[in-house]
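Residue numbers (our numbering), protein chains in the order written: chain A, 1 to 594; chain B, 1 to 371.
Since the hints were made in silico from the structure, they are not lab data. Here the structure is a predicted model, which means the values were calculated and not measured. Yeah, the Cβ is synthetic: ideal placement off N, Cα and C, and Gly gets one too. Do not rely on the hints blindly, as some may be mistaken.
[What the hints assert, rightly or not] Derived Cβ-Cβ restraints for the label pairs, each shown as a range: (1) 71/A / 230/B: 49 to 57 Å; (2) 71/A / 330/B: 38 to 46 Å; (3) 41/B / 164/A: 53 to 61 Å; (4) 149/B / 69/A: 42 to 50 Å; (5) 231/B / 528/A: 53 to 61 Å; (6) 45/A / 32/B: 26 to 34 Å; (7) 41/B / 69/A: 42 to 50 Å.
[To be verified] Cross-link-like lysine to any residue pairs, in silico, SDA-like; alpha carbons within 25 Å at most: (8) 189/A / 109/B; (9) 594/A / 113/B; (10) 74/B / 208/A; (11) 26/B / 30/A; (12) 26/B / 183/A; (13) 331/A / 342/B; (14) 244/B / 324/A; (15) 351/B / 336/B; (16) 27/A / 49/A; (17) 81/B / 33/B; (18) 243/B / 149/A; (19) 19/B / 49/A; (20) 351/B / 183/A; (21) 189/A / 351/B; (22) 206/A / 71/B; (23) 205/A / 108/B; (24) 357/B / 530/A; (25) 19/B / 183/A; (26) 243/B / 324/A; (27) 181/A / 62/B.
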Amino acid sequence: MSQDKDYNAILATDCGSTTTKAILIEKRGNEYRLRVRGEAPTTVEAPFEDVTRGVLNAVREVEELSNREILEGEKIVKPALNERKGVDTYVSTSSAGGGLQMLVVGVVKSMTAESAARAALGAGAIVMETIAVDDGRLPHEKIQLIRHLRPDMILLSGGVDGGTITHVVQMAQIIAAADPKPRFGLTYKLPIIYAGNKDAREEVKKILGDKFDLHIVENIRPRLEEENLIPARNKIHELFMEHVMSQAPGYRKLMDWVDAPIMPTPGAVGLLVHHVAKQRGIDVIGVDIGGATTDIFSVFKGTFNRTVSANLGMSYSISNVLVEAGLANIKRWLPFDIDDADLRNRIKNKMIRPTTIPQTIDELKIEQAIAREALRLAFLHHKTMAVELKGVQRQRTISDVFIQEAAKSLIDMMSLALIIGSGGVLSHAPRRVQAAMMLLDAFQPEGVTQLTVDSIFMMPHLGVLTTVHERAALEVFDKDCLIRLGTAIAPVGDGKEGEEAVKVELPDQTVTVKFGDIKRIPLEEGQKVKVRIIPGRKFDVGNGRGRELVTEVEGGVVGLLIDARGRPLKLPEDDAKRKETLVKWFESVDMYPK
Amino acid sequence: MAHAYTPGLQVSERTVVRKERRLPLKGEVLIKEGDTVEAEQIIARAYLPGDVELLNIAGQLGVSGDEIKPYLKKKEGDEVKKGEIIAESKGLFGMFKTQVKSPIDGVIESISFVTGQAILRHPPQEVSIKAYINGTVEKVIPEEGAIIRTVATFIQGIFGIGGEGYGEILPVCSSPDETLTPELIPETAKGKVIVGGSFVTYEALQRAVEVGATGVVVGGIDADDLRRFLGYDIGVAITGTEKKGITLIVTEGFGRMNMAKKTFELLTKYAGRRASINGATQIRAGVMRPEVIITQEGEAEEPHKGWETGLEVGHLVRIIREPYFGQIGRVVELPPPLEQIETEAHVRILKVKLDDKVVTIPRANVEIIQG
Numbered sequence: 001m002s003q004d005k006d007y008n009a010i011l012a013t014d015c016g017s018t019t020t021k022a023i024l025i026e027k028r029g030n031e032y033r034l035r036v037r038g039e040a041p042t043t044v045e046a047p048f049e050d051v052t053r054g055v056l057n058a059v060r061e062v063e064e065l066s067n068r069e070i071l072e073g074e075k076i077v078k079p080a081l082n083e084r085k086g087v088d089t090y091v092s093t094s095s096a097g098g099g100l101q102m103l104v105v106g107v108v109k110s111m112t113a114e115s116a117a118r119a120a121l122g123a124g125a126i127v128m129e130t131i132a133v134d135d136g137r138l139p140h141e142k143i144q145l146i147r148h149l150r151p152d153m154i155l156l157s158g159g160v161d162g163g164t165i166t167h168v169v170q171m172a173q174i175i176a177a178a179d180p181k182p183r184f185g186l187t188y189k190l191p192i193i194y195a196g197n198k199d200a201r202e203e204v205k206k207i208l209g210d211k212f213d214l215h216i217v218e219n220i221r222p223r224l225e226e227e228n229l230i231p232a233r234n235k236i237h238e239l240f241m242e243h244v245m246s247q248a249p250g251y252r253k254l255m256d257w258v259d260a261p262i263m264p265t266p267g268a269v270g271l272l273v274h275h276v277a278k279q280r281g282i283d284v285i286g287v288d289i290g291g292a293t294t295d296i297f298s299v300f301k302g303t304f305n306r307t308v309s310a311n312l313g314m315s316y317s318i319s320n321v322l323v324e325a326g327l328a329n330i331k332r333w334l335p336f337d338i339d340d341a342d343l344r345n346r347i348k349n350k351m352i353r354p355t356t357i358p359q360t361i362d363e364l365k366i367e368q369a370i371a372r373e374a375l376r377l378a379f380l381h382h383k384t385m386a387v388e389l390k391g392v393q394r395q396r397t398i399s400d401v402f403i404q405e406a407a408k409s410l411i412d413m414m415s416l417a418l419i420i421g422s423g424g425v426l427s428h429a430p431r432r433v434q435a436a437m438m439l440l441d442a443f444q445p446e447g448v449t450q451l452t453v454d455s456i457f458m459m460p461h462l463g464v465l466t467t468v469h470e471r472a473a474l475e476v477f478d479k480d481c482l483i484r485l486g487t488a489i490a491p492v493g494d495g496k497e498g499e500e501a502v503k504v505e506l507p508d509q510t511v512t513v514k515f516g517d518i519k520r521i522p523l524e525e526g527q528k529v530k531v532r533i534i535p536g537r538k539f540d541v542g543n544g545r546g547r548e549l550v551t552e553v554e555g556g557v558v559g560l561l562i563d564a565r566g567r568p569l570k571l572p573e574d575d576a577k578r579k580e581t582l583v584k585w586f587e588s589v590d591m592y593p594k
Numbered sequence: 001m002a003h004a005y006t007p008g009l010q011v012s013e014r015t016v017v018r019k020e021r022r023l024p025l026k027g028e029v030l031i032k033e034g035d036t037v038e039a040e041q042i043i044a045r046a047y048l049p050g051d052v053e054l055l056n057i058a059g060q061l062g063v064s065g066d067e068i069k070p071y072l073k074k075k076e077g078d079e080v081k082k083g084e085i086i087a088e089s090k091g092l093f094g095m096f097k098t099q100v101k102s103p104i105d106g107v108i109e110s111i112s113f114v115t116g117q118a119i120l121r122h123p124p125q126e127v128s129i130k131a132y133i134n135g136t137v138e139k140v141i142p143e144e145g146a147i148i149r150t151v152a153t154f155i156q157g158i159f160g161i162g163g164e165g166y167g168e169i170l171p172v173c174s175s176p177d178e179t180l181t182p183e184l185i186p187e188t189a190k191g192k193v194i195v196g197g198s199f200v201t202y203e204a205l206q207r208a209v210e211v212g213a214t215g216v217v218v219g220g221i222d223a224d225d226l227r228r229f230l231g232y233d234i235g236v237a238i239t240g241t242e243k244k245g246i247t248l249i250v251t252e253g254f255g256r257m258n259m260a261k262k263t264f265e266l267l268t269k270y271a272g273r274r275a276s277i278n279g280a281t282q283i284r285a286g287v288m289r290p291e292v293i294i295t296q297e298g299e300a301e302e303p304h305k306g307w308e309t310g311l312e313v314g315h316l317v318r319i320i321r322e323p324y325f326g327q328i329g330r331v332v333e334l335p336p337p338l339e340q341i342e343t344e345a346h347v348r349i350l351k352v353k354l355d356d357k358v359v360t361i362p363r364a365n366v367e368i369i370q371g
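Let the sequences and hints guide you as you build the complete structure.
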């Protein structure tokens with residue numbers, strides 16, 4: 001892996017399940033900038049059955065738009081021959097064919113199985129199921145379940161190094177008895193990664209070595225108080241490329257073209273979020289809300305976490321948002337009356353005709369109400385996974401270790417400095433302030449938080465690019481990928497309506513916001529100003545109750561949002577009052593056309 | 001994108017239908033190329049390895065895993081009957097023996113001296129697949145199944161529940177806008193495919209199950225009625241495995257929606273004929289919609305052009321989202337540039353002539369109606 005070579009032109013693609021997107025990055029003067037992007041339908045399925053067709057088509061579009069010749073026949077010219085011909089490096093991600101689907105097996109559900117799930121999710125996988133000795137299923141139920149799944153790969157973990165091997169061996173036997181088959185083709189052996197107690201390796205080899213393509217890596221939980229996810233995560237990436245992707249049509253060719261391993265799309269996004277947090281030394285949340293799933297990435301105190309809410313999305317899974325959130329939770333964001341049956345039917349109709357778009361303002365409001373709930377639920381799910389290690393011995397006996405502890409969440413909304421939103425409902429909201437409000441209502445950031453959206457879903461490309469050229473990836477991310485919506489200032493606390501919650505002194509004005517209100521102050525993109533934030537005595541903006549905070553805030557297309565609606569955000573219980581309040585907030589930030 | 005509209009559902013009177021029928025694992029194919037098959041004929045079968053059970057020998061004997069060897073009465077690969085002794089402790093003076101008995105009829109697949117557990121496997125289960133449609137075997141897929149071809153009336157629905165079924169078509173509504181109520185369903189609907197109009201009530205679905213109907217085909221259903229009928233709410237449109245006694249095929253969508261005229265006319269025309277139906281729906285990559293297939297004699301017509309060529313002025317379209325949801329009209333204009341709609345989004349639009357006016361609709365919100 002070469003770090004930050006003097007490249008002048010970089011090509012990156014993301015082969016999604018429907019569209020292949022290509023970007024060209026060029027060095028201008030001393031900085032790396034996005035030059036153009038092109039896209040073409042992905043060609044993994046019949047009649048083409050060759051992913052490189054779609055890649056070539058997307059690259060041809062890039063060639064036309066940039067006036068740079070990149071292809072010679074069907075070959076990418078590398079390295080660049082001059083300023084008009086070739087590129088210096090080419091990288092790619094892929095989520096075509098449904099991404100990477102994994103089965104995760106551990107011993108104790110809240111310990112090794114949870115660590116294994118974190119490793120798989122962090123690598124960008126969809127965890128189809130987590131199976132553990134104590135998951136409440138009888139052995140034959142576990143076997144039946146494993147038999148019916150057709151994963152791309154299995155991660156088996158369990159036990160600390162030097163501890164008992166019985167349980168992890170038992171789980172290996174269950175996998176062997178179930179004999180699951182890989183999703184693609186019957187011709188290759190299903191890859192299994194063993195990342196458990198090192199003393200059980202020989203036994204595991206005996207049980208699984210013949211039937212499966214077994215790989216052994218370091219234990220993901222060598223000691224109770226230590227989690228070591230990187231070796232397992234790297235092995236997942238390696239096997240994803242070598243085994244899973246190589247089964248998909250055309251990928252062998254694509255693997256020859258790239259200069260860094262092809263990464264699963266969400267794995268690359270996670271890597272980028274991690275880099276951004278590290279580079280700026282801040283806590284970050286990234287969210288990608290799609291049609292079928294919602295991914296959340298977070299970095300708090302340097303610890304990276306990713307979760308996928310597999311059935312929370314805005315089209316295919318929209319009805320499941322209704323099922324999980326309940327109708328009342330969706331309706332509470334609507335400032336008008338709607339019949340329950342009508343709303344249910346509208347949501348179900350979107351599920352069966354997922355490509356339709358809202359045409360009226362009311363339909364848009366319904367869609368954005370559902371998005372708030374999908375984001376809120378996905379974030380709740382994330383908070384339960386992004387926790388400190390469970391099972392760390394704090395008490396005297398080992399039995400205490402097995403008690404389900406209420407693990408401390410790593411998520412601290414006050415220390416959160418940046419939210420990056422992506423996915424159609426956020427990135428393509430007709431007014432940018434709608435995206436900002438959806439993020440505010442769903443995540444409820446506290447104190448001072450910058451709000452952004454990914455303009456053209458470039459994060460996967462930039463994520464994989466960090467593995468060959470971190471500087472180019474981060475510069476383009478900063479300058480061309482993000483749309484800065486603005487900064488939210490949200491005092492934490494509860495008060496009486498009309499009570500002064502916060503005063504914000506800007507260079508040219510002082511703004512006072514009462515409890516229950518939200519105000520939008522224009523502050524242009526790129527503009528950074530020093531502000532003095534003085535919360536009311538019951539409110540906290542980061543320095544403790546009633547204590548002022550002096551900090552720098554950045555503007556954006558929305559500006560500053562001073563959100564004194566309270567944390568946690570509460571909507572009035574009285575229906576008429578609730579609708580009136582929503583209208584007040586929406587009008588105050590100019591959210592919808594009159 | 002090139003296809004900023006939803007291709008419509010297929011409704012054809014005479015078209016070639018091919019169905020690939022595959023076993024879930026390799027087995028034996030019982031038919032050959034050129035054979036004529038009936039919908040309910042079994043065409044391939046396989047034996048699924050039996051389920052397994054874990055037997056904790058060490059635990060029952062009260063010894064550790066590596067100590068069980070001397071107690072074993074059976075070895076790996078042995079067949080066992082339910083109740084047969086697999087391991088036995090020596091006991092005290094030959095008494096108080098602990099016996100570990102087989103909980104099933106099956107085979108001992110493995111015995112571990114680490115965990116002290118045996119894995120027992122039940123006898124294999126037969127799985128078979130039927131032809132599903134009347135037709136001829138176009139191609140045999142060795143050890144897996146076959147492709148069956150037929151000429152048929154083929155009607156796709158938008159959403160369904162329940163799997164494959166066969167039955168005589170029984171229209172009970174006199175027009176596509178009539179509601180299917182329980183009173184309309186006779187006792188003689190047993191084993192038949194009931195055809196309704198615009199809407200089916202929860203009570204009518206219950207009645208259909210009571211009389212033993214094979215299926216119900218209808219224009220619309222309330223999401224809430226479906227939830228009551230299933231006993232749970234559907235979150236993701238992946239269906240086909242529901243076991244509610246009938247297969248339901250909704251042709252238009254949720255809510256009260258007149259069945260498309262052509263669909264209703266075809267189903268009425270072929271009253272009394274046997275149909276193959278399937279409610280399985282999958283709305284993600286590899287879209288699968290529910291279907292009604294009525295085999296016909298003779299050859300197919302030329303496939304209807306329209307959805308292959310894309311959207312054109314003059315095409316009949318159905319509006320598939322509010323505010324004109326369910327209405328049908330003709331395309332009168334397809335302006336190429338993006339236009340701003342009420343939400344302020346800039347999208348590609350089209351103009352559609354409804355009965356009394358011309359309306360502007362995002363292209364993503366219409367689907368082409370064939371025929």
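Here's how the hints hold up against the structure:
1. 71/A / 230/B: 49 to 57 Å: holds, 53 Å
2. 71/A / 330/B: 38 to 46 Å: holds, 44 Å
3. 41/B / 164/A: 53 to 61 Å: holds, 55 Å
4. 149/B / 69/A: 42 to 50 Å: For residue 149/B and residue 69/A the Cβ distance comes to about 48 Å; the hint holds.
5. 231/B / 528/A: 53 to 61 Å: holds, 57 Å
6. 45/A / 32/B: 26 to 34 Å: About 31 Å separates the Cβ atoms of residue 45/A and residue 32/B, which means 26 to 34 Å holds.
7. 41/B / 69/A: 42 to 50 Å: Check failed, 60 Å falls outside 42 to 50 Å.
8. 189/A / 109/B: Holds, at roughly 21 Å.
9. 594/A / 113/B: violated, 75 Å
10. 74/B / 208/A: holds, 23 Å
11. 26/B / 30/A: violated, 61 Å
12. 26/B / 183/A: Satisfied, since the Cα-Cα distance of roughly 15 Å is no more than 25 Å.
13. 331/A / 342/B: holds, 22 Å
14. 244/B / 324/A: holds, 23 Å
15. 351/B / 336/B: Since the Cα atoms of residue 351/B and residue 336/B sit roughly 12 Å apart, the hinted pair holds (cutoff 25 Å).
16. 27/A / 49/A: violated, 35 Å
17. 81/B / 33/B: violated, 42 Å
18. 243/B / 149/A: holds, 21 Å
19. 19/B / 49/A: Holds - the C-alpha atoms of residue 49/A and residue 19/B are around 21 Å apart, at most 25 Å.
20. 351/B / 183/A: violated, 45 Å
21. 189/A / 351/B: Answer violated: residue 189/A to residue 351/B is near 54 Å, above 25 Å.
22. 206/A / 71/B: It holds: about 23 Å lies between the C-alpha atoms, which stays within 25 Å.
23. 205/A / 108/B: Status holds; Cα separation ~21 Å.
24. 357/B / 530/A: At roughly 56 Å apart (the allowed maximum being 25 Å), residue 530/A and residue 357/B break the hint.
25. 19/B / 183/A: The hint holds at about 22 Å.
26. 243/B / 324/A: holds, 23 Å
27. 181/A / 62/B: The hint is violated at about 36 Å.
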